[in-house]
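Peer 1: If you want the working numbering, it's the position in the sequence shown, counting the first as 1, plus 12.
One thing to keep in mind: the hints can contain errors.
[What the hints assert, rightly or not] As a list, the in silico BS3-like pairs of lysine-lysine whose alpha-carbon atoms are at most 30 Å apart: (1) Lys157 to Lys228; (2) Lys166 to Lys228; (3) Lys26 to Lys227; (4) Lys227 to Lys19; (5) Lys166 to Lys227; (6) Lys166 to Lys19; (7) Lys227 to Lys157.
If you're looking for bench data, these hints aren't it; they were derived computationally from the structure.
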Amino acid sequence: MIIHFIKRDFVSHKFYWAVLGIATVGAVPCMFISEAFFMALFYAYVLFSLIPINSLTGVTWRSQHIMSRNYILALPVERNRLFLMIQYRALVYWIPLVILALAAPVIVPSFKDTVDCYPVYVLMIFPCIFWFINSMISMQLSGEKINSYLTHQKRLMEWGIIMAVFFIEVGIMLISVFGLLGVPFVCEYLGDAGSKVLPLIAVTGLAVNRFFSSKKRWLAQQ
Numbered sequence: 013m014i015i016h017f018i019k020r021d022f023v024s025h026k027f028y029w030a031v032l033g034i035a036t037v038g039a040v041p042c043m044f045i046s047e048a049f050f051m052a053l054f055y056a057y058v059l060f061s062l063i064p065i066n067s068l069t070g071v072t073w074r075s076q077h078i079m080s081r082n083y084i085l086a087l088p089v090e091r092n093r094l095f096l097m098i099q100y101r102a103l104v105y106w107i108p109l110v111i112l113a114l115a116a117p118v119i120v121p122s123f124k125d126t127v128d129c130y131p132v133y134v135l136m137i138f139p140c141i142f143w144f145i146n147s148m149i150s151m152q153l154s155g156e157k158i159n160s161y162l163t164h165q166k167r168l169m170e171w172g173i174i175m176a177v178f179f180i181e182v183g184i185m186l187i188s189v190f191g192l193l194g195v196p197f198v199c200e201y202l203g204d205a206g207s208k209v210l211p212l213i214a215v216t217g218l219a220v221n222r223f224f225s226s227k228k229r230w231l232a233q234q
């Protein structure tokens, strides 16, 4: 069934795949000349990875052509597996960014300082991605819940709490990534050993917490 959904997602977003392919063919040879092309391709890949998430979770404010969460949960598949299928479907759109991130320490001079901790760098990539995927799922589920509140004040208060937690997690993620990449003002506080180990622990902890939190909420009855 997961293959069926991945094929369906590809057909729905084939225009974006085509545009990304053209951008990649044009930018890859140029990034050896200037890092600006690498960063342009990086941002394009990040934007591309965010495109499908709104069509995967089936929240109530979806477009009419997108399956609802009630319909997805009614499929004859174990519910935990259904949630994992959303993770896999979302992860497909992160593959170009993963490949670019894995190659960055080799092809981009400013990233070559990470080569001495490349295994940790690789291990850091996947928790970051899963944290982002599940943060977006949590945001959608929060919007679904908050839209049911009657008063504007209550909705505003809930959004304030959600965004505060989100930006705290973003701060921890940025500090962790900067520590791993050897940014001086971050490593000064983390220390030499901490700048390699603590970021990985922090990011993995956030990713695991977000995964189980979003899973519990997505599987809950509306």
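Peer 1: Now look at each hint and say whether the structure bears it out.
Peer 2: Structure-based check of each hint:
Annotation: proposed proximity of Lys157 to Lys228 holds, straight-line Cα distance about 14 Å (limit 30 Å). Between Lys166 and Lys228 the alpha-carbon distance is near 23 Å, which keeps this suggested pair within the 30 Å criterion. Taking the CA atoms of Lys26 and Lys227, the gap is near 28 Å; set against the 30 Å cutoff, the hint holds. Annotation: proposed proximity of Lys227 to Lys19 holds, straight-line Cα distance about 24 Å (limit 30 Å).
Proximity of Lys166 to Lys227 is assessed by CA-CA distance (about 25 Å); at most 30 Å being required, the pair is judged to hold. Of the supplied pair hints, the one linking Lys166 and Lys19 is violated, its CA atoms being roughly 41 Å apart against a limit of 30 Å. With a C-alpha separation of about 15 Å, the suggested pair Lys227 and Lys157 falls inside the 30 Å cut-off, and the hint holds.
Of the hints listed earlier, the one the structure fails to meet is number 6.
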